[in-house]
Every structure is written in C-alpha cells, then in structure tokens.
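Asks: Protein sequences, first through last, are from chains P and L. Position 101 of the first sequence, counted from 1, bears residue number 101 in my numbering, the numbering being contiguous throughout. Position 118 of the second sequence, counted from 1, bears residue number 1118 in my numbering, the numbering being contiguous throughout.
Just so you know, the hints here were simulated from the structure itself, not pulled from any lab data. Even glycine gets a Cβ: it sits at the ideal position worked out from N, Cα and C. Take these hints with a grain of salt, some might be off.
Stated by the list, open to error - Restraint ranges, calculated between C-beta atoms of paired labels, are given here:
| id | chain 1 | residue 1 | chain 2 | residue 2 | range |
| --- | --- | --- | --- | --- | --- |
| 1 | P | Ser31 | L | Lys1110 | 46 to 54 Å |
| 2 | P | Asp90 | L | Arg1291 | 23 to 31 Å |
| 3 | P | Val130 | L | Glu1088 | 32 to 40 Å |
| 4 | P | Ser31 | L | Val1109 | 48 to 56 Å |
| 5 | L | Ala1016 | P | Asp253 | 41 to 49 Å |
| 6 | P | Asn263 | L | Glu1178 | 42 to 50 Å |
Unchecked claim - From chain P, some residues computed to sit far from chain L (all C-beta separations above 10 Å):
| id | residue |
| --- | --- |
| 7 | Glu12 |
| 8 | Thr13 |
| 9 | Asn60 |
| 10 | Asp65 |
| 11 | Asp82 |
| 12 | Asp187 |
| 13 | Gly228 |
| 14 | Ala234 |
| 15 | Gly240 |
Claimed, not checked - For the chain P half of the interface with chain L, some residues (derived, Cβ under 7 Å), not all of them:
| id | residue |
| --- | --- |
| 16 | Leu20 |
| 17 | Val42 |
| 18 | Gln145 |
| 19 | Trp222 |
| 20 | Gly232 |
| 21 | Ala238 |
| 22 | Tyr242 |
| 23 | Val243 |
| 24 | Trp259 |
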Amino acid sequence: MPRAVAHLKRRETVGPGHYLLHLACPEIAASAQPGQFIHLRVGDGTDPLLRRPFSVMLTNPDEDDVQVLVRTVGRGTELIADHEEGKQYDLLGPLGHGWPKPGPGEDIMLVAGGVGVAPLIFLADSLRTVEDRPYVRAIFGGADQDALVCWTEFASRCEEFTAVTEDGSAGETGLVTDVLVPEIERDRPQRAYACGPDAMLAVVAEICAGAGIPLHVSMEQWMGCGVGACLGCAIPAAEGGYVRVCTEGPVFDADQIDWERMNER
Amino acid sequence: MTSSGPDLSVQVAGIAMQNPVMSASGTFGYGMEYEEYLDLSELGAIVTKAVTLEPREGNPPPRVRETPAGMLNAIGLQNPGARAFIDEKLPQLREFGVPVIVNISGRSVKEFAQLARMLTVDGVDALELNVSCPNVEDEGMHFGVDCSSTGELARAVVDSTDLPVIVKLSPNVTDIREIAVAAAEAGAHALSLINTLLGMSIDIDTRRPHLGNVTGGLSGPAIRPVAVRMVHEVAREVDLPIIGMGGIMSARDAIEFMLAGASAVAVGTANFVEPATMRDVIRGIADYCRRHDVARVAELTGALRID
Chain P
1 MPRAVAHLKR RETVGPGHYL LHLACPEIAA SAQPGQFIHL RVGDGTDPLL
51 RRPFSVMLTN PDEDDVQVLV RTVGRGTELI ADHEEGKQYD LLGPLGHGWP
101 KPGPGEDIML VAGGVGVAPL IFLADSLRTV EDRPYVRAIF GGADQDALVC
151 WTEFASRCEE FTAVTEDGSA GETGLVTDVL VPEIERDRPQ RAYACGPDAM
201 LAVVAEICAG AGIPLHVSME QWMGCGVGAC LGCAIPAAEG GYVRVCTEGP
251 VFDADQIDWE RMNER
Chain L
1001 MTSSGPDLSV QVAGIAMQNP VMSASGTFGY GMEYEEYLDL SELGAIVTKA
1051 VTLEPREGNP PPRVRETPAG MLNAIGLQNP GARAFIDEKL PQLREFGVPV
1101 IVNISGRSVK EFAQLARMLT VDGVDALELN VSCPNVEDEG MHFGVDCSST
1151 GELARAVVDS TDLPVIVKLS PNVTDIREIA VAAAEAGAHA LSLINTLLGM
1201 SIDIDTRRPH LGNVTGGLSG PAIRPVAVRM VHEVAREVDL PIIGMGGIMS
1251 ARDAIEFMLA GASAVAVGTA NFVEPATMRD VIRGIADYCR RHDVARVAEL
1301 TGALRID
C-alpha cells in the first residue's frame, strides 16, 4: 500500500522561508523514484484539512532517509516550519510518475527555478551511479541569491552548472531562459528536464520545442486527494481536456501540456 | 463481525446495504482509485462521480482551494460520459460486490431521462440525481433550487427507470424542505443531502479568485452543522429515507446525521484527507452501538431527543 509514517529527524533552514526536512521513512527511502511525490498530512485536526504534496529531493535507503524541500507559502507549510524533531507525519506515497530516464551517455540539460530544484536534484543524484552515465548540465534560476536553495547539492551532482538571478545577486543576471537559449545553441543537449514556476516552464517548453529537444517537465497544482479521484489538480492537455498532475504526472512530456491555456491565468 | 455484534445493515429505498456508510459522489472517483487504501467490499455502497450523457472536460484550473476546515471545488463534472462509464468503469465497480449508485447529471429533463434509461442496466442499483451541482452553469443547480423543476425532473426520471431514484438536494435554497417535498411528491424513493454550499475565496495579492471558475462548492467539516440541521428539517417534513452528508470525518459525525434523521450517510471530503475514513467510520459506528446497547443501527435514525 502506498502509504507510510515518517518521523522528522531534522529540519534544516536552507534559506529565508525554505526548509529541508530530513525524514525517517524506510518505505519511501526504498521505493521513491526521482520525480515522484509524497502527500503529507500536516496536522491532525481539520485545519489545515487537506494533505500537502511535496517532491522527494533525495533518498538514502541505507539510512531510511528521505529529504523534502519546503517553501513556506501558506498555512500548511507555515505549520511545518514550526514542527519539532520527532514529529510524525502520515503520508501517501510514493505517488505519480517520475522522470523518464535519459538514454545511455546522452547529453542532458536540467533547468530548475526556485524550489523546483528538488526533483531535479533527485534525478541528477540517481544518474551518478548508472552505467554509461549521461553528461549533465544544469541551469538554476531564481529572483535572487536566497531563491537558489540547495544549490550546492544541485551543482555537485552535475558536470556543468550555471546559476542565474533576476537581480544579479548570484551567478549571471537575468532569467533562466536568457541563459538557456545560448547554452542550447552551443551544447545541443539531446534531452532536457525542467521544474519551476509555470511561466518559466512555458518558455522553456517553447525554446526546447523550437530546438527540437525532447523536454520533460514536473508540474505543480493545488491538489485534493493525490490519488486520481477528485480531479482537482487537473491542468490543460495538448490533446484537449485535462490531465491530472497527481496521476498522469507530476512529470509530463512538455508536448502533453497545452501551454497557452496553462498561461491563461 | 461476530454474531453477537450489532446489526449494521440498512435498507434505503429498497437498496440492501451491509452498513450505512457510502462514498459521496465526486470524492471517490469510480472506486478503483481507492482500491489500494481500503477494502471496498466492506462499504455500504459506492456512489460514483457524476456521469453525463456526453463526456465533459470540466473547468479550468485551479479547481480546488482549501478553506478553514473545508475546501472549495469547481471540477465541473469532468467525466468520460455514460457510454464509457458503462463499458469501462461499471464492470470493475461491480466486482466489489456492494451496491453501486450512479450519480447522473444532465442539461435538461430529457437528458436526465435518457441517462436514466441508459443506466438502467445490470450492476447499477440506484440512480442519484445531481440536481444541485453549483459549478456548471444552467445545469443541475437550475433544477435543484426550484420546486416545480425539481418535481418535473424527478418524475421524468422515475418514469424512465425501475431503479430506485435518489434526489440530491442543494443547500443553496431558502427552504430546503420545499424542494424535498416536491421531490417526494414526484415519486423519488430517497433524498440525499446536502450537496456543497456555494462559496468563493480571493487571493488578495493578485486580486483574483482562487478558483478558475470564480465560485465553487464548499465541503468538509466547515459545513457539517448546516448539513445536520437540514437533515433534521427534511426528516421531520418528508417520509422518505435520507442519505446524510456534509463534512463527515468520523463515526461520531456519522451518528449525528443518523440521529438527525438519516438512514445512511456518505463520506466525501474526508476521503481526500484519510483514504480509509469509511472503514474507520463503519468500525466506529459498530463500537458506538455496542457501547450504547443498540442492536440494530437503523434504530439510530431519527432517534434525536428534543424535550
């Protein structure tokens, strides 16, 4: 059954309003694939009511360790920010479809925006031990230096790494996509992976489609059940209608998404 | 359960259920989604997500938003249509061996009647009329807030099927008793209440509604006292079995609804919070019956004491 209990071993502050949870959870540590998520029950009562979905950032099966990156955005995540060591979380997971694996020895490009870095760290980590390991380049962007959370964890798992901030406080100045275009032209990666704000993903999708590079994206949406029943987390599908982030996703091929309808809000 | 345990079985409009606990439409998909989390054969019944004549895409995102002790949703009746439901979902649903109640929604009386005829097939045990979906313009809501149209609709469906017909009532009315009476007079076999309360929430930073559909239906524990009150009112007015729902999270909540007059209960939003809620509610009701020397759970229906 895809559910488990996790204990909070340690909560590390990794930036203003950003926390890295170190959870003890043998089931998830053993079975989570890069790109999958867990659906965490934050409180015991009825407020907050719903579970909160989080991508898994890293696992260490030998130590039953699961790392989850949390940015405080509302009531649920603010409560997490106050939880003490030993706190028990009931969780569903691992849920959803993770990242497709790159081909042997492929040149790949990872594009992360803010906390969207979490599932990409897991992907980069998982590729370190594969035979005929891919060559991994990464671009990590955010509004400012503080938004580039866990950048060393990310950079240390990639062959090449570029940081970019809108205010120039770290790395290059500009948007992720400003850096992506010249890098793609120069390096011609065979495959790309991206996670971040919807607006960023839409532009990355356009750039990759133009360059003929297959792109996989991990999507975020407000979620109800997490198991495909409520249809609450639906996003517009390229073939018309909607797809569920929790079940068909959270990782999609970029051409499965209708980016125009996605950007209507 | 041991032979000395309480009798949890109930009859609702001729549907024999092993216990009074079922899923609320729209919160349990078509059952299969929850198969890994609880034994569906233990349920009193399964009520499906709404089925419409043609497939529906549903509303643009965001479709859900948490609110204090509740949630707003505006899914918009996304479903694969009646044909696909019968061919692809129903055969799997039947395998759980519990009554299947299909929630149906249409744009006109004619469409409801057509759906009722289509769904009068082996494996469907009852129809629940969604006359009160708040998230689709000119749909059920239009019927469910008006006595004569509720009556007309219920009668048309009753005339189109030999299955028991359950009318699901909207709380978004001045007096729910009037609608309940209209449904009863039209020949409905049971009532279910309440559907979601129409609500709205706004992001003050962007000054936009949180939901893509602007408004949505409020569910969860926040609405429970309203739902209990409405079940109480309707039970005193109408001589039809009632399926009570609205924010049931535990056996305690379910028993409240039964005391207020419900013959059975439905669990909705709680399934999202804890997928095994219905199992826990069933067990908790049995415990309550043991503790209070209740031999048959049906004795609880309407057992409210008001001096």
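Asks: If a hint holds in the structure, say so; if it doesn't, say that too.
Replies: Verification of the hints:
1. Checking the proposed 46 to 54 Å range against Ser31(P) and Lys1110(L) shows it holds: the Cβ atoms sit about 51 Å from each other.
2. Separation of Asp90(P) from Arg1291(L) is about 27 Å and conforms to the stated range, judged on CB atoms against 23 to 31 Å.
3. At roughly 38 Å, the beta-carbon separation of Val130(P) and Glu1088(L) lies within the given 32 to 40 Å, and the hint holds.
4. Distance hint check: the CB atoms of Ser31(P) and Val1109(L) are about 51 Å apart, consistent with the given range 48 to 56 Å.
5. For the pair Ala1016(L) and Asp253(P), the supplied restraint of 41 to 49 Å holds, since their beta-carbon distance comes to about 48 Å.
6. Roughly 45 Å separates the CB atoms of Asn263(P) and Glu1178(L), a value that falls within the hinted 42 to 50 Å.
7. For Glu12(P), the non-interface assignment is confirmed: its Cβ lies about 26 Å from the closest Cβ of chain L, beyond the 10 Å cut-off.
8. Listed as outside the interface, Thr13(P) is consistent with that label: its C-beta sits roughly 24 Å from the nearest C-beta of chain L, beyond the 10 Å cut-off.
9. Once the 10 Å rule is applied to beta carbons, Asn60(P) is consistent with being away from chain L; the minimum gap is 26 Å.
10. Every CB of chain L lies more than 10 Å from the CB of Asp65(P), the least distance being 25 Å, so the non-interface label holds.
11. For Asp82(P), the non-interface assignment is confirmed: its Cβ lies about 18 Å from the closest Cβ of chain L, beyond the 10 Å cut-off.
12. Against chain L, the non-interface label of Asp187(P) holds: every CB pair exceeds 10 Å, the least being about 34 Å.
13. Distance check on Gly228(P): its Cβ comes as close as 5 Å (rounded) to a Cβ of chain L, failing to clear the 10 Å threshold; non-interface status is violated.
14. With 10 Å as the threshold on Cβ separation, the claim that Ala234(P) sits away from chain L is violated: the shortest Cβ distance comes to roughly 6 Å.
15. Listed as a non-interface residue, Gly240(P) fails to keep its Cβ farther than 10 Å from every Cβ of chain L; the least gap is roughly 7 Å.
16. Among the interface hints, the one on Leu20(P) is violated; its C-beta lies about 24 Å from the nearest C-beta in chain L, farther than the 7 Å criterion.
17. Hint status for Val42(P) relative to chain L: violated, with the closest Cβ pair at about 11 Å, above 7 Å.
18. At about 23 Å, the closest approach between the beta carbon of Gln145(P) and any beta carbon in chain L exceeds 7 Å, and the interface hint on this residue is violated.
19. At its closest, the beta carbon of Trp222(P) sits 5 Å from a beta carbon of chain L; the interface hint therefore holds under the 7 Å criterion.
20. Annotation: interface hint on Gly232(P) holds; nearest CB of chain L at approximately 4 Å, less than 7 Å.
21. Given hint, Ala238(P) at the interface with chain L, is violated; its Cβ is 13 Å from that chain's nearest Cβ, farther than 7 Å.
22. About 6 Å separates the beta-carbon of Tyr242(P) from the nearest beta-carbon of chain L, less than 7 Å, and the hint is met.
23. At about 11 Å, the closest approach between the beta carbon of Val243(P) and any beta carbon in chain L exceeds 7 Å, and the interface hint on this residue is violated.
24. The interface hint given for Trp259(P) is broken, as the beta carbon of that residue sits about 13 Å from the closest beta carbon of chain L, more than 7 Å.
The structure shown violates the earlier hints numbered 13, 14, 15, 16, 17, 18, 21, 23, 24.
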